[in-house]
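Asks: Here are the chains, one letter per residue:
4 protein chains.
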Amino acid sequence: MEQEDPDVYVHVVEKREDGIVVRGAKVSQSGAIGSHETLVIATMGMRQGEEDFAVAFAVPNGTEGLTYICQYTPFTAERELSPDVKYLGNPLYGQRETCIMVFDNVFIPWEHVFMCGEAKYSGRLVARFAKTHRMNCGGACKVGFADLIIGATQLAAEFSGVQKAPHIVEKMTDMIRINETARACTIAAALKGHEEPAGSGFFQPDDIFGNAAKLTIADGFWDILKWAGDIGGGMAVTMPSELELENPETAHYVRKFMKASAPAEQRLRIAKFIQNWCAGLHGAGTWHGAGSPMAQKMALYALTNFEEKKSLARSLAGLREE
Amino acid sequence: MEQEDPDVYVHVVEKREDGIVVRGAKVSQSGAIGSHETLVIATMGMRQGEEDFAVAFAVPNGTEGLTYICQYTPFTAERELSPDVKYLGNPLYGQRETCIMVFDNVFIPWEHVFMCGEAKYSGRLVARFAKTHRMNCGGACKVGFADLIIGATQLAAEFSGVQKAPHIVEKMTDMIRINETARACTIAAALKGHEEPAGSGFFQPDDIFGNAAKLTIADGFWDILKWAGDIGGGMAVTMPSELELENPETAHYVRKFMKASAPAEQRLRIAKFIQNWCAGLHGAGTWHGAGSPMAQKMALYALTNFEEKKSLARSLAGLREE
Amino acid sequence: MEQEDPDVYVHVVEKREDGIVVRGAKVSQSGAIGSHETLVIATMGMRQGEEDFAVAFAVPNGTEGLTYICQYTPFTAERELSPDVKYLGNPLYGQRETCIMVFDNVFIPWEHVFMCGEAKYSGRLVARFAKTHRMNCGGACKVGFADLIIGATQLAAEFSGVQKAPHIVEKMTDMIRINETARACTIAAALKGHEEPAGSGFFQPDDIFGNAAKLTIADGFWDILKWAGDIGGGMAVTMPSELELENPETAHYVRKFMKASAPAEQRLRIAKFIQNWCAGLHGAGTWHGAGSPMAQKMALYALTNFEEKKSLARSLAGLREE
Amino acid sequence: MEQEDPDVYVHVVEKREDGIVVRGAKVSQSGAIGSHETLVIATMGMRQGEEDFAVAFAVPNGTEGLTYICQYTPFTAERELSPDVKYLGNPLYGQRETCIMVFDNVFIPWEHVFMCGEAKYSGRLVARFAKTHRMNCGGACKVGFADLIIGATQLAAEFSGVQKAPHIVEKMTDMIRINETARACTIAAALKGHEEPAGSGFFQPDDIFGNAAKLTIADGFWDILKWAGDIGGGMAVTMPSELELENPETAHYVRKFMKASAPAEQRLRIAKFIQNWCAGLHGAGTWHGAGSPMAQKMALYALTNFEEKKSLARSLAGLREE
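Same order as they appear, the protein sequences are chains A, B, C and D.
Just so you know, the numbering used here puts 51 at position 51 of the first sequence, and the rest follows in order with no gaps.
Just so you know, the numbering used here puts 206 at position 206 of the second sequence, and the rest follows in order with no gaps.
Just so you know, the numbering used here puts 86 at position 86 of the third sequence, and the rest follows in order with no gaps.
Just so you know, the numbering used here puts 274 at position 274 of the fourth sequence, and the rest follows in order with no gaps.
These are calculated hints, taken from the structure and not from any lab test.
Heads up, a few of these hints could be off.
[Stated by the list, open to error] Straight-line alpha carbon distances no greater than 30 Å define the calculated DSS-like cross-link-like pairs of lysine-lysine that follow:
#1 K26/B <-> K26/A
#2 K192/B <-> K192/D
#3 K256/D <-> K120/C
#4 K120/A <-> K15/A
#5 K120/D <-> K256/C
#6 K256/A <-> K256/B
#7 K120/D <-> K259/C
#8 K15/D <-> K259/C
#9 K164/B <-> K86/A
#10 K120/A <-> K259/B
#11 K15/B <-> K26/B
#12 K120/C <-> K259/D
#13 K120/A <-> K256/B
#14 K259/C <-> K259/D
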């Protein structure tokens, strides 16, 4: 961890009788601004000499010295200008606010400190978090998203009257295939979980299947968005505002020309929902949630028992062990 | 063309001595609002009895009875609220305004009418337009976009200091591979073009290679965006506004925590450029520009000389023709 | 089931007091020639009027009227000519003999008949067989094959001294990723199995995950073979016979020029093992074992609860049910 | 080039007044055994101190000291046992014999020596060979193969009566799409070729498009084989020998049960042709012909003008050059 500026990672700058003082930042913290309290852990396993960075604690929103710098995207602007959330594509759950949390000498009382200097355990803590997060964020979370996207895409196809065309059925099936595959990986990760440490009563997901879940969804979610955009049609990225339906100069045109097997209102509403996905923040976000795919690939390679597989191959090929 | 409402497609409602009167709409007209004049042709080949729909003409922007209903997206909102275009991801060319053009009894003088009732030629006209459009819009146009995206992604990797990591090099190479493949299809389509009709001096691109260009880019551009988002990092979809650099409360934090191998300003600027692509309108738009991929697949299948290939296979397999 | 020749499918031609007489054929019966007894069931669900085809029974190998017409492939020829099985790529388990079983008036005693005329249950019987077979043959079986292939490919890389090259590690990881994904689908299919019918004590795999397993492996096994061939190198398809090592004129050359990080003997042996996979019968066979991928796609689409997903999407988009 | 055994690469061991004496081996030489003469060039660019390896010459088959060690595969065995070549899958052109050429003190007269010690030019010679070979072997050659495979697969579909099923049409179209894309890359490589060196009258293919051709076909040919196996059906890998049609005990059964929309003879013949591809040597061979895909990826990356693309992106993002 040879970095020029020690403040990049959160670390302890003072130990007091009643607690610790921390400095540094946590970037890409999705949802933190909306939480009552945030659990902070080290970013990676720390080594000897890096004890100050081996820290874990809870901090309530609003604590002195803590600043949230929120993301700003086209979707932020749209929300600001919209007279009603119903005109946004994903009105209730589409606001996925990510922020940078800056810790500028923030005091954390001892009762909220869970790790402080135990460098040798920090890697294990991060690994356990990753295990759970890859199964959940990589698997279960996107599987839920995809259920919505599949439902919306099927509606869009029905609204256009094309849901029975063989190539539409084929693409819908591919969306389902990917999603059920990711769901299966998540379920296998959960069901093949291990008690860790033995006797503790705490279970962790199986790491191989958790990484398989995240890698399946990393590419797979992108493909699901692709087909949503393909089936959703050009409409999903070229549509006028639903507010035109209240515009006396254009409402009758929009009603007339956006109508198909369903009225314009319904087609616009569901196209907007699809737009929020296929031209939104979640696609690229999925790559990095729970770590970049390269991290999962490295984990998967490291977890593989090559000796056992090599031995099986040798045995069948009639090649004795050296 | 059995449709309930004849107005959905543009058609002639009156023929006068000095010209024609047309009604109907053209949806998903990218850039039309910014053009001096728009060339309108039939949507598909028309059959006997559909002469009124076999129409082609030019119409200047501002003609009476012509209404443009523009798209409205998160990017429209962001542009409205931004104090300077430089804060937008693709400030100069990112505004790709698509609209619905409504023709409500629009008069077109005869000197601007190119086809009117010649149903048997309408299919050929559409096919010739498609040929050119698939080579250009499917091939050349996105190849140029992708050059920009590849350049920006390489910059983002360099700004983060990861440009030499083997998996980054691998992904950059895959982006290049796809783009050069699409470029090759476009070049082959142009160079193997045919004079059509013979002796006319007008050349049309080769249809097989033009369709191959569009199909290569349909999936390929989506993959290029995927890797841009992967290499661009979570930052591309979670970054704060560049305006924070002018905010006295947060500027020093952003400068400190967004710095890597390049200063925060540069990283934010290029991440925003990448955001405009990997979380923008172009990905899904690419599917449908120049027709949906299914249209190109049908064309490719129809253009294939199966008899010749079957005959070659028969001959090598020693199977005489029936 | 409108077929010209009723004999194509196995059916009952006579019911006697002591049993039934059947005619017809079963094609692509892998392993049947080596079995003591074969369980025969109808090929598909039969309808009213097709009772003669709604049949299920057990038949011992060697029964009068039963003929096995075995497959003949290049691998059959190689086995015939080889002085020792050790020179074959997959000596112990590589002989995957498929045959056509012809039933020419074969008598089956009643105690070996399990279904005879119950057309309405025949579809359910086939579906239950498919459920199990897709989980096993599509999932578990190929996952075991792939463990061997991954082991052999890693050995080949080590024998050539290239196992640490980043692109080799990347491809090995992709092989593992696919295989663990298929394994997860199989495990999820088994663990989420249902008692069918309720109270019977018989459990069937979950059908969605079983189909996901087969579809994951259909494309995935082909990709695993691809990387085995890529990493195995040209050697896997251009190598001389291991018997050259006993040829006084060539043995010293082969030993000298086929040596790398491992002696020629070992490299040839493992390259031959890889050849058996990447230039063998299993790749194409995997497509059709347990039914063609199209059958699984149709099943997956039919099993999907679209109404629930549509309802979720409607609800989030604020679109009331019609 | 730090190798233990200098004999692995072909090199000069003696320079005489009338010629040179060379030692070493060339592995994976496809077709060499059937050629009158072989052109030998260095394997890679040689550096100072490696002059003995910077050699290029022509050698006639049958020269003293030259030994060919041929490959031996299941297909070799099948050919040996077959009473007539017509029973082999690809009787006329399926024999793609690869061998190891061993040079054990082979004398090459000066008039057949084209390079001898000019280490600094050896890299350029190899690069020029690679350029042509990637366009031809990667592009044109496999495109021709694929025309045959597409023809045979369409015949197989027609023989089974399934050629109009939408998923068959879709897969046939995908085979065509890949093949026409590779053809376009080859054509673009040829048409955008450069005179090299200027004024010489010798033209070399464009290197970027040549590498794109090879990389398109590396993955693409494998996919084409996949769909041939899928559409060809289980039959392609489980079929009995065509010789059964001459077997009095089984001929009538085979005729009866292998018949579909075409007679058994035709179905068997074309299935055997497909078997030769989808369960044959060409798939894995394609990866390494003209160098492994990794070599082309490295070339493509090295050939890319990143500075130009970065500059374009900077300019559009409003980011001044440093």
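Asks: Take the hints in turn and mark each one as holding or not.
Replies: Evaluated hints:
no.: 1; hint: K26/B <-> K26/A; result: violated, 49 Å
no.: 2; hint: K192/B <-> K192/D; result: holds, 13 Å
no.: 3; hint: K256/D <-> K120/C; result: holds, 29 Å
no.: 4; hint: K120/A <-> K15/A; result: holds, 19 Å
no.: 5; hint: K120/D <-> K256/C; result: holds, 29 Å
no.: 6; hint: K256/A <-> K256/B; result: violated, 54 Å
no.: 7; hint: K120/D <-> K259/C; result: holds, 29 Å
no.: 8; hint: K15/D <-> K259/C; result: holds, 28 Å
no.: 9; hint: K164/B <-> K86/A; result: violated, 46 Å
no.: 10; hint: K120/A <-> K259/B; result: holds, 29 Å
no.: 11; hint: K15/B <-> K26/B; result: holds, 21 Å
no.: 12; hint: K120/C <-> K259/D; result: holds, 29 Å
no.: 13; hint: K120/A <-> K256/B; result: holds, 29 Å
no.: 14; hint: K259/C <-> K259/D; result: violated, 50 Å
In this structure, the earlier hints numbered 1, 6, 9, 14 are contradicted, and the remaining ones agree with it.
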